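Asks: For reference, the chains in residue letters:
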Amino acid sequence: MDTTPKAIAGVSTFLDDRIGAGSFLKRNMRKIFPDHWSFLLGEIALYSFIILLLTGTFLTFWFKPSMGEVVYSGSYQPLVGVKMSEAYASALNISFDVRGGLLIRQIHHWAALLFIAGMMVHMLRVFFTGAYRKPRELNWLIGVGLLSLALLEGLTGYSLPDDLLSGAGLRITEGVMLGIPVVGTYLTFLLFGGEYPGHDVISRFFTIHILLIPGILLALISAHMVLMWVQKHTQMPGTGRTNKNVVGAPFYPTFMAKAGAFTLFTFGVIALLGTFAQINPIWLFGPYTPADISAGSQPDFYMGFLEGSLRLMPSWEINFLDHTVSLSVLIPALVPLGVVMTGLALYPFIEQWVTGDRREHHTADRPRNNPHRTAIGFTGIAFYGVLWLLGANDEISANFHISLYETTIFGRFAIFLVPALAYFVAYRICIGLQRKDAEVLSHGVESGVIKRLPNGEYIEVHTPAAQDIADHIRGKEEIPIIESGVDGDGIPPKGARTALGRLRAKASEAYGTDHIPLDEGHGHDEHAAIGAGDHSDGHRDGH
Amino acid sequence: MTDNINEQPEGRAPARVIGTPPSNGPILGDEIVHEAKGVPGVIPADPAVAKRAERIVALLFTITFLAGVAFIASYVIFQVGTIDRTAASNYALGSSLSIALLSLAAGIVVWVRQIMPKYNLVQERHPMASDADTKEYVEETFLQGANESGFVKHKMLRRTLLLAAAPLGLAPLVLLKDMGPLPGTALRHTVWGTPTKDGKPRRLVVEGTGQPIRAADFNSPGGILSVIPEGYEEDLNALAKATLILLKFRPDEIKSGTNLNWTHDGIVAYSKICTHVGCPAALYEQTTHHILCPCHQSTFDAADGAKVIFGPAARPLPQLPIAIDSEGYLVAKSDFNVPVGPSFWERGDAEAEAREQKA
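Chains Y and L, in that order, give the protein sequences. According to the UniProt record's numbering, the stretch in the first sequence is residues 1 to 543, in order. According to the UniProt record's numbering, the stretch in the second sequence is residues 1 to 359, in order.
Hints listed in this document are in silico derivations from the structure and should not be mistaken for laboratory results. Just so you know, nobody snuck in bad clues.
Using 25 Å as the maximum straight-line C-alpha spacing, the simulated BS3-like pairs for lysine-lysine come out as follows:
1) L:Lys-118 - Y:Lys-26
2) Y:Lys-134 - Y:Lys-244
3) Y:Lys-134 - Y:Lys-506
4) L:Lys-333 - L:Lys-358
5) L:Lys-135 - Y:Lys-232
6) Y:Lys-31 - L:Lys-118
7) Y:Lys-134 - L:Lys-135
8) Y:Lys-26 - Y:Lys-232
9) L:Lys-118 - Y:Lys-232
10) L:Lys-358 - L:Lys-255
11) L:Lys-118 - Y:Lys-244
12) L:Lys-333 - L:Lys-248
13) L:Lys-307 - L:Lys-255
14) L:Lys-333 - L:Lys-307
15) L:Lys-307 - L:Lys-248
16) L:Lys-135 - Y:Lys-244
The structure presented is a predicted model; accordingly, all values stated were derived computationally and were not measured.
Start from the sequences, fold in the hints, and give me the full structure.
Replies: See below:
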């Protein structure tokens with residue numbers, strides 16, 4: 001094809017004449033996107049969000065967000081004649097009386113789970129590779145905001161069908177809100193339009209769920225994309241890659257096509273789940289009444305950690321001057337969420353403070369090369385994981401025949417011990433992997449060639465690592481350490497004189513010290529290969 | 001370790017006979033793919049591979065076409081209306097949609113990987129910060145504009161503007177006030193305290209059937225009922241506070257925590273609303289007399305005033321004073337003497353107050 005088809009050229013000229021699109025396209029059509037499997041994780045969340053918007057719109061055409069009472073008369077025989085809210089009845093109608101309704105409802109729910117799961121793993125990828133570092137702190141903060149909003153979006157969403165299970169979640173929400181000191185009672189009465197459950201909360205949650213939060217999400221996701229575009233994606237270290245360039249494939253045509261395919265894959269997999277993996281079968285739960293509950297009520301996975309923390313908490317409550325602070329509600333409902341979200345939001349800035357590193361970073365760290373960061377990340381995962389696991393302690397107790405209370409008591413200790421252990425283990429693994437890297441560079445890799453020496457000893461010849469592997473390993477960056485030592489006159493630098501300054505200096509030294517510096521010490525690669533016989537400690541096959 | 005390597009040059013993996021060119025990579029003199037000729041970092045696909053790939057892609061796209069047609073056909077053919085028909089419709093629509101999407105996705109992937117070139121293009125990055133000239137210009141312009149506006153010079157203008165903005169900023173919050181009434185003492189009372197129209201004490205009725213309960217009929221020790229107030233069977237606001245669990249004990253089983261004056265012949269009524277966050281504490285273990293809330297596993301000893309024996313709840317389930325009316329049906333003697341359900345800021349130590357009042 002040597003000329004642009006008329007249809008495209010005509011439209012392009014029309015647009016360019018009016019908005020000058022040409023210069024934008026000139027700069028961006030061949031924008032380079034680096035490639036790595038882990039860069040796709042965030043895209044899962046993005047495409048799930050698009051699916052959520054599409055399927056959600058479909059659902060609103062039939063869903064009636066009303067708590068008004070109706071007598072069910074639809075296709076689902078077991079509930080015919082039962083009094084229920086219009087919201088529940090319309091959710092049943094979507095499931096049984098609208099063609100494709102059940103499919104779209106289940107796709108919507110699965111997409112919501114994948115949306116949040118995608119965000120979580122994407123966030124972990126960004127964390128462990130240090131991709132939040134300058135200049136990307138703002139996008140990291142937007143990401144933390146997106147995750148928090150998504151949790152709220154999920155909560156308001158699964159409360160809408162007004163079945164017995166969704167009502168249990170709503171009741172817990174109310175109980176937690178009531179516990180907030182000073183304003184809790186007022187907030188609850190405002191949200192529910194009076195006493196729980198009232199007649200307003202479903203329609204209010206509906207507006208929040210389909211308008212308010214999605215609107216903010218859409219705006220933040222757009223900002224997230226624009227910033228990523230402007231700042232260019234980070235890349236993994238490797239041959240020809242530096243902190244000042246980006247190596248990969250162009251947006252047009254490759255990345256565009258790949259992104260399209262990945263959208264379709266995401267949608268396809270969610271459609272498969274929506275077809276064959278039943279989710280939230282609301283017709284089995286029955287209409288909501290505050291008088292009933294089913295055993296084994298479980299929230300969606302992303303709320304499980306809150307459930308777990310509520311279950312772990314001992315029964316603490318403070319009464320003073322005719323007022324009540326129910327610590328057994330407040331601590332578990334607010335502290336873990338607060339610690340995780342605040343910790344995430346502040347981490348880039350704390351790290352900058354500790355390392356004194358104000359440079360721009362465009363090359364992703366390999367997790368092993370910043371062992372303390374990786375260990376802190378795993379501490380967070382372990383903390384979240386213990387709470388999440390304990391959110392299902394009734395299932396664990398029932399399936400593994402362990403006493404229910406023992407699982408709780410185990411959890412009360414595990415919530416402190418397991419994260420500490422995770423820190424230690426992750427740190428040691430990082431150091432171990434660094435050792436392995438150093439060995440690959442200094443000794444080369446096993447060649448598979450066995451050589452017999454004149455003295456009868458068999459050794460395996462090592463060859464230098466392939467160029468790309470070696471360059472990948474050499475991408476290890478030094479972590480800066482702030483100046484803390486005393487100068488010639490025995491005076492410490494200004495910043496390190498206060499207690500906080502000394503703490504900072506200590507933290508900086510611990511965080512930045514490289515215990516396994518890369519050592520290409522046996523000279524050049526040829527040397528390493530030839531000399532490999534001298535270091536064949538692990539490869540003796542002799543008699 | 002190689003997991004972390006992205007885009008390994010494929011030439012190094014398989015050994016090749018010395019003297020032959022690598023199977024991929026730009027081969028000089030390859031005239032067929034002229035679009036990418038001479039562009040460094042663009043490695044055109046092998047034409048033979050591309051030709052084979054085109055056939056695979058075409059097949060996958062055709063499958064998508066057929067599955068798409070099947071999806072529309074399923075919508076027409078499979079009607080809903082019964083559970084089985086809904087299930088059939090769901091499977092037909094869902095599988096055709098999944099096949100259409102996945103097959104299209106797979107087609108594009110084959111297209112990208114085997115027909116489009118491999119790229120190793122390099123773009124320079126530039127520091128995000130603007131250069132000094134730009135910064136200086138922006139700063140000058142900002143100061144110039146600020147001075148031109150007179151915002152700095154005219155103090156009164158500035159202060160009254162801030163003054164003007166404050167109430168307007170608060171207005172949207174004020175407007176939200178009517179979303180709900182003030183709590184008042186609503187959380188301290190339940191409908192058990194309000195007498196019926198004819199002034200008699202309110203009867204306990206079984207949840208679901210609405211049958212009043214004759215004390216003499218509820219006579220098997222270890223029995224448990226979920227009970228709601230007569231006349232409020234469908235009032236969810238009332239039920240959210242007034243729902244009870246009714247238990248029958250042998251006299252020797254009841255311990256000191258339970259107020260015997262509020263029982264009738266070994267029948268005890270507790271609030272079913274958990275004092276932790278308000279779930280119905282619905283599970284009962286007959287042998288141990290434990291009431292367990294399934295949400296967060298607060299456990300209460302029903303024989304001993306429903307005191308907390310495990311879990312996060314901080315207070316016992318309040319006990320409702322019950323008696324029988326002239327026809328022998330269970331009724332509430334009065335409301336609970338403490339607020340039921342979760343703790344709230346204004347609650348205070350209502351149990352201690354109640355004890356003082358009694359003493």
